[in-house]
Amino acid sequence: MRKTTAKPKYTWQILVIIVTVIILGLNAIPTFYGNHNALLVSAVNPTQSLPNTQTLRNVVQQQNINVEQIINSESSSKIVIDGDDDALLAAQTQLKTTLGDDFQVRLGSQSAAPKWLQGMGMSPIKLGLDLSGGVLFVLEVDTNKADQERLGNAKDEALQLIHDNGLRGMSVKLADSQEKINLHFLTHQASQVKTVVNELQQRLPGITYTASDDRDGTLVFSDQSVTTFHHEIMAQALTTLRGRIEELGITEAVTQRQGQNRIRIELPGVKDPEQAKRIIGATASLDFYEMAQSGTVGAKTFTDENGRRLRLAPKPIFTGSNIENATSGRDDMGIALVNLALDGIGGKKMSDFSKDNIGNPMVTIFSEYHKNSADEMVKSSKVISVATIQSQLGNRFSITNLDSPQAASDLALLLRAGSLDAPITIVQQRTIQASLGQENVGNGIMALAIGLGITLVFMGLWYRKLGLIANTSLVLNLVCLLGLMALLPNVVLTLPGIAGLVLTVGMAVDTNVLIFERIKEERKRGRSNFLAIETGYKEAFATILDANVTTMITALILLSIGYGPVKGFAMTLSLGILTSMFTGVFVAHVLTSLVKPQIAVKHKELRS
Amino acid sequence: MSANTLKNETSMQEATNTISQSTGVHSPMAMFSKLRLAGFYLAISLMLLSAIGLGFKGLNLGLDFTGGYMTEFTTSQSIDKEQMQDQLATHLTGDFELNSSGANTQWTIRQADGADHVIDKDWLNNFAAQSGYDISPQDSVYIGSQVGSELIDNGGLALIVAAIAMMIYLTWRFEWRLACGSLMALVHDVLVVLGLFAWLGLPFDLTVLAAVLAIIGYSLNDSIVIGDKLREVMRAKTNMSMSDIVDTAVKSTLTRSLITSGTTLATIGAIWIFGGQPLQGFAIGLFAGVVFGTLSSIAVSATIPQLIGLNPEFYQHRAQELLLNDEP
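Residue numbers (my numbering), protein chains in the order written: chain A, 1 to 608; chain B, 1001 to 1328.
Hints are not guaranteed to be accurate.
To be verified - List of simulated lysine-lysine pairs, DSSO-like, C-alpha gap at most 30 angstroms:
| # | chain 1 | residue 1 | chain 2 | residue 2 |
| --- | --- | --- | --- | --- |
| 1 | A | Lys538 | B | Lys1251 |
| 2 | B | Lys1251 | A | Lys520 |
| 3 | B | Lys1034 | A | Lys524 |
| 4 | A | Lys465 | B | Lys1251 |
| 5 | A | Lys277 | B | Lys1121 |
| 6 | A | Lys180 | A | Lys379 |
| 7 | B | Lys1121 | A | Lys520 |
| 8 | B | Lys1034 | A | Lys596 |
| 9 | A | Lys96 | B | Lys1121 |
| 10 | B | Lys1121 | A | Lys524 |
Honestly, the hints are just simulated from the structure, not real lab data. Predicted, not measured: the structure shown is a model, and the values here were computed from it.
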């Protein structure tokens, strides 16, 4: 007993509190300043020097837009403007037309907080689309289609092998379900089947063979190989989509995988979903073929615009994935074209091929997925050009004869960003106007202020001195929570997130109430003021922990299954639990010990 | 669900007889005990009513779950809803559902996935020009129908996973009869909120689902506080009847329950009134959840253990065992 009555010193606790509150508090400050709109100007060609600051400023001011600041870095200039999204878009258009094709102008934002705060690497809380306005897409990657395509290629490969080995009577066919390849052979060919399968497995690792009887067998890709393949497709789709978004000039997009085969893209500040939709959802790809030799098996047949039937080699010389850079332009006749630059591998393939095939034609095939009337994805391919190779080509050449300048610039953009092997469809789309976003922010802040106000007033009136302690820890809780949200990457504040914040305020006092009620009870039992406080904090802790653990479990479940609105709510709820445990128990305890409030008890309430 | 609740009610009636025998009419707790039992009956009836509502009317599932298109726009002047409906009908082929709020200046149009004529920016501009209204677009949403049906599965899964996780945590933390009480309170809270949405025909969207899941956490929070207290009283007071013990525990946590519910309701009320249209469903769901959650934590979570035979001896044994273990 004597030990507990000795007054403990709280030096280290106070230090912990001060350090935590200062760090999180500083992180919370930039949020109150918000963001300025900004434009990022960078050169397409890295060796080219950026336009000077004065020029940039003048160009933007032609639109009557005030320039706040221009930040020059090695590869780009950031122009911070004073104006809304409309002004930003006007400035972007103006810069684009003035600077021309050599420069990229992308949209961005810059924290409006004082420089010394920004210098410490502190930035505002990222706002979700419902607060900032913008476009949301959820895309579904059709992995089934990609599987079928892969199996189809495997079949062609097997056919070629059978042909090369001269195995008459052996045949391969895609099963009607499109899920396996049926292999049919003659009874005496069992050993040859083994050779073919072995060779096939070397070319396509992951393919497995099962014999069903002495004349038939099936070829499928193993489950593990299918999983890896899907993983690769998703990774490729993500990279490609990120590339395309960058090409659109949006720097603050959120691109993430959602579930098995979906991709969620949030484009803040985008006004026109149609352009974004056309570019993001496009599945166009380019392949370059040579004509099939007379003996080739599995040759592909295409019909060009004049109705000529072209038999092409089963495998392309190279594909769009070997393209390093593409720009649109016009030829001497004013017809749209795309200039291509190939990467190392593509360049070598092209130069080898063109050296051996001077005078022969090369066919460019443009393929795109689209939905047919039955709502199924179908791949349609069309011959863009049949060009005769005049001389050995290097890694630079052009595709001519495109329909329109728009088609040329879209194709160039898609080729730059990379193509998608699996078709994608938009399964969810949302466009939120920036004005609605601002209204939502205003409503959210209003609700928070009123909720906080009511709680503070009530606690102050009901518990008096203890209430002030509860109020101090509640305010600190909010500061810490905001700071934590700004500090952690991947935390986005949404409207339901603000609701979670308001709810946290209402529920955070529970911790204090539990403790204070306990202290009052202890006082009624006749304990001294000091002992009642100490016991109150100690005894109530188990209950508080229990209560918070259960809420945390729900928050984590919400976090793991929810997307969008649910995720935002779960995020603030779970972080709120952490900070309210810290402020409600730890901070309030230290405060109570420092303030030493007298908890009065009426005499008739005293129990023995 | 309704079969279960019926069963509970019959077992309840048997148990009430034993309670009224054990509590004397002149006991100071009698009045409180009666109120508590009245609350318990109320809770059971609410659950029945909700089950009926869910069974017959069903939930009015929002766009998040059904899929389809939603377009939101505002007009600068207030326009009669029927007039707007007629005017839209002449310009829009196919079915649509029109809703208005904010004194007929805020409009939402819902169309099914696969509608032949989907509203876009050009359409709105065109409509504005032809009707002469000053229209500004606010929000447009498209959700594929399969995304919606997946969400129903995921949402249901989340509810079940949350309930199971809670059950595991509770049985580990509490005696099984206390855990049952908390679980019953939880089922009550969720069921009643869902029932309310079914009866009132309020749209049930993703944010309401989040509210329901938050209610699970909140409901347990309350039950745990009372359960903790109940355990403490059972250890300390050996000579009391079980009914009195429950009353003591509920009474001593009553102030806390009311204050916490009060501040939470105040903040939720602030979201309801000031949070704007997008948070309405969320706020209503949470508000109802907290009100019914407070009722169930007082009337259900501690009454059930009493009805299924929890008695003070159990914890006194436990306390002694713990004491023995604690001594070195």
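> Out of the numbered hints, which ones does the structure contradict?
Replying inline: The structure breaks hints 7, 8 and 10; every other hint is satisfied.
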